[in-house]
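Chemist: What follows is the residue order along each chain.
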Amino acid sequence: MEEKDKKQESLYVKLIPYFERYGILLLLVIMILVMHILQPDVFLSWRNVTNVFKQISWQSMLALGVFMVIVTAGIDLSVGSIMMLSLMILAIVAKAGAPWFVVALVPLFAGLLCGLINGLGITLLRMPHPFIMTLGTLYIFRGTGNLISGGTPISGFTDEVRYLGHGRIDLTWLGLEKSQYLPVSLVLIAVVYFVFWIFLNHSRTGKWIYAIGGNPSAARASGINVNKILIIVYSLCGFLSGIGALILAGRTDSGYPNAGLQSELDAIAACIIGGASFFGGRGTVLGVFAGVMIMGILRNGLNLMDVSSFWQQVLIGSIIVLAVYVDVLRRDFGTRK
Amino acid sequence: MTSTNKLLLEAKGITKYFGTITALENVNLKVHEGECLGVVGDNGAGKSTLMKVLSGLYKPSQGALFFEGKEKVLESPKDSQILGLEMVYQDLALAGNLPIGENIFLGREPTKNIGFLKFLDFKKIQEMTNAHLDKLKINVKSADQKVEELSGGQRQAVAIARSTAFNAKVVIMDEPTAALAIKEVGKVLDLINKLKSTGVGVIVISHRMDDIFSVCDRVMALFQGTNFAEAQLDKTSRDEVIGWIMGKK
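Each protein sequence line maps, in turn, to chains C and V. Numbered by my numbering, the letters in the first sequence go through residues 1 to 337 in order. Numbered by my numbering, the letters in the second sequence go through residues 1001 to 1249 in order.
Since no wrong hints were added, every one of them can be taken at face value.
Straight-line distance between alpha carbons at most 25 Å, and here's what the computed DSS-like set of lysine-lysine pairs gives:
id : chain 1 : residue 1 : chain 2 : residue 2
1  : C       : K228      : V       : K1112
2  : V       : K1078     : C       : K228
3  : V       : K1146     : V       : K1124
4  : C       : K228      : V       : K1052
Pulled from the structure, derived: some chain V residues nowhere near chain C, Cβ distances all over 12 Å:
id : residue
5  : N1005
6  : F1066
7  : Q1126
8  : N1130
9  : I1245
FYI, nobody ran anything at the bench for these hints, they're computed from the structure. Glycine residues also receive a C-beta, built at the ideal position from the N, C-alpha and C atoms.
Please model the complete structure; the sequences and the hints are all you need to start from.
Modeler: Laid out in structure tokens, this is it:
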């Protein structure tokens, strides 16, 4: 009898790492199944699935950027504003009649530059916490975006500029119907997430990002230039927000003052739901993707069922609290004190 | 033994100011091959500051460091690592979220090239970790275990393993047994003796006379940021060393 208990316990212990790693995917699969049961005709239809991916496309970029920052035990509140400013610059450059590749590249540089400003502020100005620097730039970048655009929407981009956010990859050669296309934004998400997965897990810089989150003084004592890595991380976060701007430009065909308003909170929420720890050093790219998907599917599913958006807020908030509570339990269980 | 062995590290006239505070004043220190130097002193005597100067974390306001007879200026811990000078910090300086192997090689990870990109060579990290842990007879379940899952003694062992993974010539340990359960202290002291036998010069900062008298060959005391007393271990006693710590000769 006792023997059996022991065996069961060790099975538990063996399962925990897998649960840690793939638990969030399990939640995602369960959600998909539940939505499918509730909306069997619509939810898993080609049209709706591609819709979900189109809806999460730009948020997924912000979330990935914020995730890297959170891994270093930092935070970036300015991603929504970076995206808005980059979008406005894109719109102005487009309006001025610049060639399409300039219009498409400008938001990426703008985003990178904004992120660089965050990184330099946090390290060189020695801000007590990234929260403060990025809270400042949250206002600064959005204000700048409104100043340069006069606070009014600017619309009308060429098809090339809109390709990443609006483009379709035709699949009729596979014998599928014309309506069964692949959104370019879906391919973009896959490529960007894969590249950053490789970067974070298989490069030295990526490993150092995790090390800084785990113990910054250990990283420093190991000869890692912590400030340099932080500047890289915030710059990349800005760059990803710039990609978000380019996608959003494609989706909406317009630069508008409210773009990305409060989306920094969605990005943080997706990271936390996806298992990133606010204490830093913990979380996976796959988890963030699952977090973004869970939020996207929840919104989509509740919309399909005509549930009020107020309930969406309540549900997403509850999931955040629950996800973090699971993290707390896990830390209690997995760490020797 | 000390006078016959090669001099590895020498600090001459080290002075360090923090604003108007003088943390160290004209401090000298020597350590030879295969020798263990114990550094004792009360809280605030300047032990940790001295060690941070030796590891390149602080720059001395005055004075110079000599490594194997040549003067060296350390700009960062990286510089001291290149010379073969390693530090084991009191707070262990390990990243708990990373596995043992990645901690040991943190900042110096082996890589392999695929095209023009450099990727971490996890297989090599694991092989080198296992070989190194075997050499030091450190037992852990697996090199993939996260450091936060280890006991205090195992963590200290990993920290020491980390400091010696790259052919260190001098290892500086700040209170190596302070955070440990009693039964783990002996293992760490054994490890220090093992390092000495391979020719490594060891500097141990400790409050614990048991540590000093079981591994050190020579002991020096700092008092209010200055050299206060120094002796070969066999020419002094615990009571005398405790007196030095309190500023009595």
